[in-house]
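S.K.: Note that the protein sequences, when read in sequence, are chains Z and L. Mapping the first sequence onto this note's numbering, position 196 (from 1) lands on 199, and the numbers just tick up by one. Mapping the second sequence onto this note's numbering, position 72 (from 1) lands on 1540, and the numbers just tick up by one.
Check before you lean on any hint, since a few could be wrong.
Below, in silico cross-link-like pairs of lysine-lysine (BS3-like), each with a Cα-Cα straight-line distance of 27 Å or less [said to hold, decoys possible]: (1) Z:K487 <-> L:K1795; (2) Z:K208 <-> Z:K240; (3) Z:K204 <-> L:K1475; (4) Z:K131 <-> Z:K112; (5) L:K1795 <-> Z:K204.
Computed beta-carbon distance windows for the label pairs [said to hold, decoys possible]: (6) Z:Q591 <-> L:S1472: 40 to 46 Å; (7) L:G1595 <-> Z:N98: 43 to 49 Å; (8) L:K1797 <-> Z:K6: 41 to 47 Å.
It is worth saying that the hints were derived from the structure and are not from the lab. Computed from a prediction, not measured in an experiment: that's the story for all the values here. A virtual CB, placed ideally from N, CA and C, is assigned to each residue, including glycine.
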Amino acid sequence: MNKQNVVVRFCGDSGDGMQLTGNMFSSLSAILGDEISTLPDFPAEIRAPQGTLSGVSGFQVNLGSGVYTPGDKADVIVAMNVAALKVCALGSKFNDPKAVFNPADSLFKPNAVVIVDTDSFTKADLEKALFKTENPFTELQLPETVQIVPVPLTTLTKESLKDSGMDNKSILKSRNMFALGVVCWLFNRPIDKAIHFLEGKFAKKPALIAPNTKVLTDGYNYGNNTALNIQTVNIEKSEGLPHGTYTSIAGNTATAYGLIAAAQKSGKQLFLGSYPITPATDIMQELAARKDMGVVVVQAEDEIAGVCTAIGASFAGDLAVTSTSGPGLSLKSEAVGLAVMAELPLVVIDVQRGGPSTGLPTKTEQTDLLQAVYGRNGECPAVVLAASSSANCFQFAYEAAKIALENMTPVILLTDTYLANGTSLWKIPSLASLPAIKPQGVPDKFKGQYNPALRDENNVRYWAYPGMEGFEHRNIGLERDFAKGTISTNPENHQKMVLARKAKVDQVANRMPLLKVQGNENSDTLLVGWGSTEGHLHVCADELGCALAHFNYINPLPKNTEEVLKKYKRVVVCELNTGQFASLLRSQFKIDFLQYNEIMGQPFAVERIVEFIKSL
Amino acid sequence: MEASQFKSDQYVRFCPGCGDHAVAMALQKAMAEVGVPPHQIAVISGIGCSSRMPHYISTYGFNTIHGRGGAIATGVKTAHPDITVWQMSGDGDCFAIGGNHFIHEIRRNVDLNICLFNNRIYGLTKGQYSPTSPKGFVSKSSPFGTVERPFIPSELIMGAGGTFYARTLDVDMPTSVDCLKQAHLHKGASVVECLVNCVIFNNGTHNWIADRNTRADRTILLKHGEKMIFGANQDKGLALDNSQSAFPKLIVVDANDPRVLVHDAKTKDMTLHRMLALMGYEKYTDMASFDADTELPIALGVIRSVEEATYDQAVHTQIENVRAKAKAKTFDDLTANLEHWEI
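Okay, chain Z solo, but in the shape it has when bound (with noise of 0.2 Å):
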């Protein structure tokens, strides 16, 4: 069987490797030139108790050509357990005792293959799972179009390792490779390549490459052999993608490698400022282990000082940064007020969670797009960024340091936990093919009269820091005389300096490209949207045959946005929250937008959108 693209759920307990199995199919199939888009789905309980519906750990993936999107509902699904069968089958219903299948809320298909272990149909584990019965397919009714594939992988598993000399612990640890073999061998994915892959991911504990192969294997020898009743699979290579080099990367991993560049592009010294938060962490944990790259990361003692080290760091010259998510950036909305006030470059990163308070750390959501734009004290203009991507938190970390340094400003970049944690393809850059930086600096004419008010012909205060001979200065957060840069309670100057940092932060509009429009240009229909739901609506854009404006740059806007609009009949304002772009637009432009809002802590599920264009 042929097909485009193919959309692979594995789940199971959230012990299970749900998320290393998924990861290394994903990569491994990037490798054999897939394109990909990935979504982890997991519980914010590190470890649930085992078995039950509350601790299942999914990880979906899309592969194929023409990939923009993880997938709406899976075409195979790998249940480790009869609880991630029960969660896969009845999707946000699992909770609710009297729900069976249903093909709106089920996480597959209803023509899904469905691999499941059989081992764990015991009575125990249906307990746990709250069935009623022991056979779980009657009990979820699922229809006879989905193709059950029982594996007792469990029983297979201890089999494949039974000389291995390991503990039964270690022996089941590695029935997610097990299963891994068997869709490797439903996908033909080539076994040398992937025991190749594996051995990498190992490289750092070689005494598991043994058996973790042979289990590989002889999961993929089972699906050759006894010809389990499924066909398999052949995907589709993807054609569209420009030459290049390529790996797959997750949003947080793009992000910390969008602010090495930067830092090396510019010739700063990266600093991060942060503390532990889900789901923003992973920048931090990255950037702590790149010390080969000289990076100085301050795990500070809160999210407040998080940020102020960062400030510190920026005072002193360097390219700063700090990493975090929307409790986080609540904390920091005064320091990064002083950041605006004294003009200096920040880089703030916000991977935004489902809120408000801690709300659902572990999903996600657009709801922090008017804290990042108007969430401070005062006049407070910043720079509002947001990736669209994972690959692209890569290109938005860069832009978001390009535009600090360049522009003496904080640059908030939105990303959300789907870009993060979900991965996507991406064509490495070298360091050379990147946009200069050109970070302000202090002409040498100032030297002895140097203050912190002087600014260039954009707005852009001069910088100068600590070290510089004949640039000493008093920096503030309180008001600074324009001229002189004291403090100054003056009130014709603080109108002055509140309208200098507004044009400030305006004028990065002339250096950012234009809003282009996807899609059927004359359609009269434009969907809009901004960051991580460029993908889905995208695919909506197509299966519409409409128009889609999809924005990276929210702070300043970019300059055509008002004509790019106007030519439009409907405009339709698509967004992860209940309308926060949306109002933006309005407080802009005299234009009848229209909205379509989801808010359920997860990505959209394009069929929907379509749907409900469709019934406008």
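Starting from the known structure of chain Z, fit chain L onto it as the hints suggest.
M.R.: Coordinates of chain L only, in the frame set by chain Z:
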């Protein structure tokens, strides 16, 4: 260098009679005597009267937001350990809103010189009690007296593992200059607690030790390696006495008594440093127990000065060690090491 080289062109706006004037002069003098040029120094502050200090010093300066001076100073120093970093902070800025940053900069032993202006009141917000105001203190926000215990700064600093602690009085210029100089020279988080008078909202708060007539008997100036002797006639000394209990107590003895202690600021064991810092301090913690006639003096001078690895240096040493061994040094090396393929 001359103290005048460290004076900025700004008119000093502390209230006439405020203790901060004297500390500003002492600081400029200490900076001149140590001789690090102004462009190699950054003075960081939060918010409060004393946090205006950077405006009056001709070095680099940054008057930031309330309580965050410690975190910002940590950033400056960790980014660039070659810069000498001072932090100016008051008892509200440092012990209330900025308490967390304060204990952590001490714990990490960041090489900062911290001037802690303790006037036991919120001055810039016009007279509310602070975390160092004694229990029972009457202020605008405690019209019937406070019902809470204060922090004892030295105890907090040593509890956080402080490597340098000195105490001085605004009116004692030579001791202030000496303490600030030694803080400057000490590698690590150095705290100089400056007992300053707030002439407007807490006038005379330190008078019982600062008063010219009683100061010599109510304070002792500790100097490393010297006998602990004090008094207007230098006739009194400090000794440890364990005749009353298993735990020795500090007592006042005749200056010639062989038991008179010699001050060792450099010993790592902080037991005696804590005892010296807390000596006579009960008066500072509770209005009800105020008794100016107690025999034990308040210790001034450098009480503790211990050399330990600093955070900022350790961060950079680790980076240098990793870089020396690393094969990948540039962004292009980094990406070349990723699993990658050609399309």
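S.K.: Now, for every hint given, state plainly whether the structure supports it.
M.R.: Tested hints:
{"no.": "1", "hint": "Z:K487 <-> L:K1795", "result": "violated (49 Å)"}
{"no.": "2", "hint": "Z:K208 <-> Z:K240", "result": "violated (32 Å)"}
{"no.": "3", "hint": "Z:K204 <-> L:K1475", "result": "violated (60 Å)"}
{"no.": "4", "hint": "Z:K131 <-> Z:K112", "result": "holds (25 Å)"}
{"no.": "5", "hint": "L:K1795 <-> Z:K204", "result": "holds (20 Å)"}
{"no.": "6", "hint": "Z:Q591 <-> L:S1472: 40 to 46 Å", "result": "violated (54 Å)"}
{"no.": "7", "hint": "L:G1595 <-> Z:N98: 43 to 49 Å", "result": "violated (57 Å)"}
{"no.": "8", "hint": "L:K1797 <-> Z:K6: 41 to 47 Å", "result": "holds (44 Å)"}
Checked against the numbered hints above, the structure violates hints 1, 2, 3, 6 and 7; every other hint is satisfied.
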